[in-house]
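Engineer: As a plain string of letters, each chain reads:
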Amino acid sequence: NAGVTQTPKFRILKIGQSMTLQCAQDMNHNYMYWYRQDPGMGLKLIYYSVGAGITDKGEVPNGYNVSRSTTEDFPLRLELAAPSQTSVYFCASRQVNSPLHFGNGTRLTVT
Amino acid sequence: DQQVKQNSPSLSVQEGRISILNCDYTNSMFDYFLWYKKYPAEGPTFLISISSIKDKNEDGRFTVFLNKSAKHLSLHIVPSQPGDSAVYFCAATADYNQGGKLIFGQGTELSVKP
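Protein chains in written order, with our numbering: chain Y, 1 to 111; chain C, 1001 to 1114.
Hints are supplied without guarantee of correctness; some may be wrong.
[Stated by the list, open to error] List time: in silico DSBU-like cross-link candidates among lysine-lysine, alpha-carbon distance up to 30 Å:
{"id": "1", "chain 1": "C", "residue 1": "K1005", "chain 2": "Y", "residue 2": "K9"}
{"id": "2", "chain 1": "C", "residue 1": "K1005", "chain 2": "C", "residue 2": "K1071"}
{"id": "3", "chain 1": "Y", "residue 1": "K57", "chain 2": "C", "residue 2": "K1005"}
Derived from the structure by calculation, the hints contain no laboratory data.
Use the sequences and the hints to build the structure in full.
Structural biologist: Okay, structure coming up:
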């Protein structure tokens, strides 16, 4: 039981490049979330999903896209990377009446 | 528009004493509150939660208090230990049982000195 697995752990992108941050969970959780953490700003919700095929915007969705084709996977896509997207990204999942389980994060730098 | 606020970026406490971390919220629809703890280079981990129908929840050294009229909650750690040194986030949600999104505060970095 690995919990929530995020890949890669680190990535450096050039401005304008694209990439997908991977997130997988093996706990059969329905609900999955993407957060970003910036210094002094706490965790901001980017997108979330309440089940396969269903996604919704969070607090800071601009510049990102998500998909949820399976219960296990919830990838986050950056199409045109910008310096403002330099951050640590956390994926999380949970079931009804249970707390969020977080992955260990992806540290992304856009230069 | 910061719906959940932790106004103290840092707190330093002596080992064995009480640590009190505070959190304020603005959305009166929030009905479930959680505290998470985060060590460097790791994801946050769940610590303790409280429903809006309660005003206190206790788990070992950790107690969360909720004052709905003041829209304020606090986390008490007694006694504090050096291993408690971490960043603490409070979070709130309006529809927890339907997978509602959790809104987090900015975090408070707790340092417990031996």
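Engineer: Taking the hints in turn, state whether each one holds.
Structural biologist: Hint check results:
For a cut-off of 30 Å, the pair hint linking K1005(C) to K9(Y) stands: about 29 Å separates their Cα positions. For a cut-off of 30 Å, the pair hint linking K1005(C) to K1071(C) stands: about 11 Å separates their Cα positions. A threshold of 30 Å between alpha carbons decides the hint, and for K57(Y) with K1005(C) the separation of about 21 Å falls inside it, so the pair holds.
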